[in-house]
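Participant: Sequence:
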Amino acid sequence: MKTPIQLSDHFTYNKLLRFTLPSITMMVFTSIYGVVDGFFVSNFAGKTAFAAINLIMPFVMILGGMGFMVGTGGTALVSLVLGTGDRKKANRYFSMMVYLTLIMGVALSVAGVLFIRPVSLFLGATTEMIDDCVLYGRIVIGFTFTFMLQNVFQSFLIAAEKPQLGLAATVSAGITNMALDAFFVGLFRWGVAGAALATGISQCVGGILPLIYFIRPNTSLLRLTKTKLEIRPMLHACANGSSELMSNISASIVSIIYNFQLLKYVGEDGVSAYGVLMYVQFIFIAIYIGYSIGSAPIISYHFGAGNYAELKNMLQKSILLTCSSGILLTFAAYLLAPVLSGIFVGYDAGLFELTCHAFRLFSFSFLLAGFNIFVSSLFTALNNGAISAAISFMRTLIFQTASVLILPFFFDVDGIWLAITVAEVCAFIFSAFFIWAKRERYHYI
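For the sequence shown, counting from 1, position 84 maps to 83 in numbering that gives the first Met the number 0; every step adds exactly one.
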C-alpha cells in the first residue's frame with residue numbers, strides 16, 4: 000500500500016501527478032457530464048434547443064462561478080493557515096467559507112430564477128429560442144446553491160488531503176447526470192427541461208455528499224464547526240479568489256460577445272458550432288484547471304511554512320507539465336476535430352462542416368492555455384489575488400474581447416475562431432512578465 004501523500008511532502012513528478020490526478024480526473028469528469036446535456040439536447044431536441052441552452056449557459060456559469068471564488072480563495076487561506084500549524088483556526092475559516100457559500104447560493108438562486116427571461120432577451124434569444132432559454136435557465140439556476148457547494152468542496156477536499164473523496168463525489172454526480180439525461184431526454188423526451196433536471200439533481204449529489212462528510216467526524220484535516228462569520232477573512236478569501244470569479248464572468252461575457260458576432264456573421268448555426276467548441280474546450284481545459292486546483296494547496300502550504308525550495312520545485316515542474324501537455328492537446332484537438340464535431344452535429348452536413356473547420360482553427364489555443372491558467376492559480380495560491388485577477392481579467396476578457404471584435408474585419412468568420420488563440424498568446428506574455436517580476440518577493444526562482 001502506498002504511503003498517503005501530505006501537503007508537507009517534497010513533490011517529485013510521480014508524487015505530484017499522483018496527488019493532482021484525482022483533481023484532474025474530477026474536473027474532466029465534471030466537464031464530460033456537463034457535455035452530456037448538450038449531446039442529448041442536440042441529438043434528441045434539435046439544434047434550436049441546443050442553441051438555446053448554449054445562449055443561456057454563460058449566465059448560469061456566472062452565478063456558479065461565485066463558488067469557485069470562495070473555494071479557491073478560501074482554500075488558499077486555509078492551506079496557508081494549516082502551513083503555520085494552527086489547525087483550529089483553519090477549521091474556523093473553512094466553516095465560514097461553507098456557510099458563506101450557502102447564504103450566497105440561496106440568494107443567487109432566487110434572483111436568477113426571477114430575472115431569467117429579461118436576461119435571455121438581453122443575450123439575444125430569438126422568438127424560437129426564448130421559451131427553451133427560460134425553461135432550462137429557471138430549472139438549472141434553482142440548483143445554484145448546490146452547484147456552488149460542489150465547486151467549493153472540489154478545492155477544500157484537496158486541502159483536507161482527501162482528493163479521492165472529491166473524485167468519488169464528482170464521479171457519483173456525473174453518473175447521476177448521464178443516467179438521468181438518458182432517461183429524461185433520450186427516453187422520456189422532456190427536452191431542455193429534462194436536461195436541466197438531470198444537471199440539477201447531479202449537482203445535489205456533488206454538493207450535498209461532501210457537506211455531510213465534513214459535518215460528521217472524519218479523518219481529514221478539516222471539519223465544519225460552529226463559528227461566527229468574520230468579515231476580514233471572508234473578504235480576504237473572496238478578494239484572493241476573485242481571479243477565478245473573474246475567469247468565469249469574463250469567459251461568460253466573452254461567450255455572449257461570441258454569440259452576438261456569430262449571429263451577425265453566420266446565424267443560429269454559428270451559435271451551435273460555438274457551443275460544440277465550448278463543450279470540448281471544457282474537457283481539455285479541465286485538465287489544466289484540475290492540475291491547478293490540485294497543486295494550489297501545496298503551493299499555499301509551503302508558502303505559509305516558508306519552504307521556498309519547494310516553491311521553486313513546484314514552479315519548475317508545473318511549467319514543464321503544462322507546456323508539454325499543451326502540445327499534445329493541440330495535436331489531439333486538430334486530429335479529432337471531425338470525430339468530435341460529428342458526435343454533436345453529425346445529423347446536419349452544413350453545420351458539421353462549419354464546426355469541423357472552426358474546431359481546427361480553435362485548437363491552437365490549447366498550446367499556451369495551460370501555462371496561463373496555472374500562473375493565475377499560482378498567484379491565488381500565494382494569496383496575491385490582485386495579480387491573479389489581473390491575469391484572468393486580461394486573458395479571458397480584454398484580450399479575447401478585442402480579438403473577437405477586431406479580427407473578423409480582417410479574416411471574416413475565421414477571425415472569430417482564431418480570436419482565442421491570439422488572446423492566449425497575449426496572455427502568455429502578460430503571465431510570463433509577472434512570473435519574472437515577482438521572483439524576488441516569492442523566491443520561486
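Hints are computed from structural coordinates only; laboratory data are not their basis.
Each hint should be verified, as a subset may be incorrect.
Here are the in silico distance ranges between beta carbons for each label pair [as the list claims (entries may be wrong)]:
no.	residue 1	residue 2	range
1	Thr-126	Arg-86	31 to 39 Å
2	Phe-259	Ile-444	38 to 46 Å
3	Thr-11	Ile-102	36 to 44 Å
4	Asn-217	Cys-322	53 to 61 Å
5	Glu-439	Leu-20	27 to 35 Å
6	Ile-428	Asn-217	40 to 48 Å
7	Arg-215	Gly-185	49 to 57 Å
Straight-line distance between alpha carbons at most 27 Å, and here's what the computed DSSO-like set of lysine-lysine pairs gives [stated by the list, open to error]:
no.	residue 1	residue 2
8	Lys-14	Lys-225
9	Lys-316	Lys-14
10	Lys-88	Lys-225
11	Lys-316	Lys-88
12	Lys-87	Lys-316
13	Lys-311	Lys-437
Values in this document were obtained by computation on a predicted structure and should not be read as measured data.
Even for Gly, the Cβ is constructed at its ideal location relative to N, Cα and C.
Participant: Decide, hint by hint, whether the structure agrees.
Facilitator: Hint-by-hint comparison with the structure:
no.	hint	verdict
1	Thr-126 / Arg-86: 31 to 39 Å	violated (58 Å)
2	Phe-259 / Ile-444: 38 to 46 Å	holds (42 Å)
3	Thr-11 / Ile-102: 36 to 44 Å	holds (41 Å)
4	Asn-217 / Cys-322: 53 to 61 Å	violated (37 Å)
5	Glu-439 / Leu-20: 27 to 35 Å	holds (33 Å)
6	Ile-428 / Asn-217: 40 to 48 Å	holds (44 Å)
7	Arg-215 / Gly-185: 49 to 57 Å	violated (37 Å)
8	Lys-14 / Lys-225	violated (35 Å)
9	Lys-316 / Lys-14	holds (11 Å)
10	Lys-88 / Lys-225	holds (12 Å)
11	Lys-316 / Lys-88	violated (31 Å)
12	Lys-87 / Lys-316	violated (32 Å)
13	Lys-311 / Lys-437	holds (13 Å)
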